[in-house]
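In case you want the letters, here they are:
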Amino acid sequence: DQQVKQNSPSLSVQEGRISILNCDYTNSMFDYFLWYKKYPAEGPTFLISISSIKDKNEDGRFTVFLNKSAKHLSLHIVPSQPGDSAVYFCAASASNYQLIWGAGTKLIIKP
Amino acid sequence: EAQVTQNPRYLITVTGKKLTVTCSQNMNHEYMSWYRQDPGLGLRQIYYSMNVEVTDKGDVPEGYKVSRKEKRNFPLILESPSPNQTSLYFCASSTRGRFSYEQYFGPGTRLTVT
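Those protein sequence lines, which keep their order, are chains A and E.
If you use this note's numbering, the first sequence corresponds to residues 1 to 111, in order.
If you use this note's numbering, the second sequence corresponds to residues 1001 to 1114, in order.
Just chain A, same shape as in the assembly:
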């Protein structure tokens, strides 16, 4: 059973608009969450993270929101740019060094 789920395999957004990527998890022991971005033929690169003691973390155009009661987090990208087109992975950890990953969402930014 997948503990971290990204239910949208792909998402298409107009350039300049907001992109919202969603992630759900089932393990209440997860206390740290991360988003990674992956371009084709490259390894994932770290984007932004959030601890379970917070409900929001912001870094430039990227904001991650955490709703612990719903076991849901989301990544907001505002405004979306063509270079944001990539696969985005959500990952979670339960106070150890193991990350549990979602299947990824392919974001396509349309000009």
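In case anyone wonders, no lab produced these hints; they're calculated from the structure.
Keep in mind the model is a prediction, meaning the values are calculated, not measured.
C-beta atoms are modelled at their ideal positions from N, C-alpha and C, and glycine is treated no differently.
Relax, there's no trap hidden among the hints.
Here are the simulated BS3-like cross-link-like pairs (lysine-lysine), alpha carbons at most 30 Å apart as the crow flies:
#	chain 1	residue 1	chain 2	residue 2
1	A	LYS68	E	LYS1057
2	A	LYS56	A	LYS106
3	E	LYS1018	E	LYS1065
4	E	LYS1057	E	LYS1017
5	A	LYS71	E	LYS1057
6	A	LYS54	A	LYS5
7	A	LYS5	A	LYS71
8	A	LYS56	A	LYS110
9	E	LYS1065	A	LYS5
10	A	LYS5	E	LYS1057
11	A	LYS106	A	LYS68
12	A	LYS56	A	LYS68
Here are some chain E residues the structure puts well away from chain A; computed CB gaps all over 10 Å:
#	residue
13	ALA1002
14	LYS1017
15	LEU1019
16	THR1022
17	GLU1062
18	SER1067
19	ARG1072
20	ASN1073
21	GLU1079
22	VAL1113
Add chain E to chain A, keeping to what the hints say.
Quick look at chain E alone, frame taken from chain A:
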């Protein structure tokens, strides 16, 4: 330049022929890990290492071996590859410590076992 390197980037082999995928990092990271990525499944951890001579199984260790004799290197060994090990493999490294989960990834190795 801080980086994680993997070799080879692409490999096609036959069932049962032993192979090694190398991984090296130049950031003096204690923690290293191997993942495989399969369609619809995200990244799954194969093995990880907290430091030299310290390794442990991840979620999908069957059919794989690792060693950590030096801090910078963490090779992945497939003693007898099978077609179900056809996948995209990533090596990653990070520092240790609470919330040091920001992992740096290599470019990936695409393995095909026929």
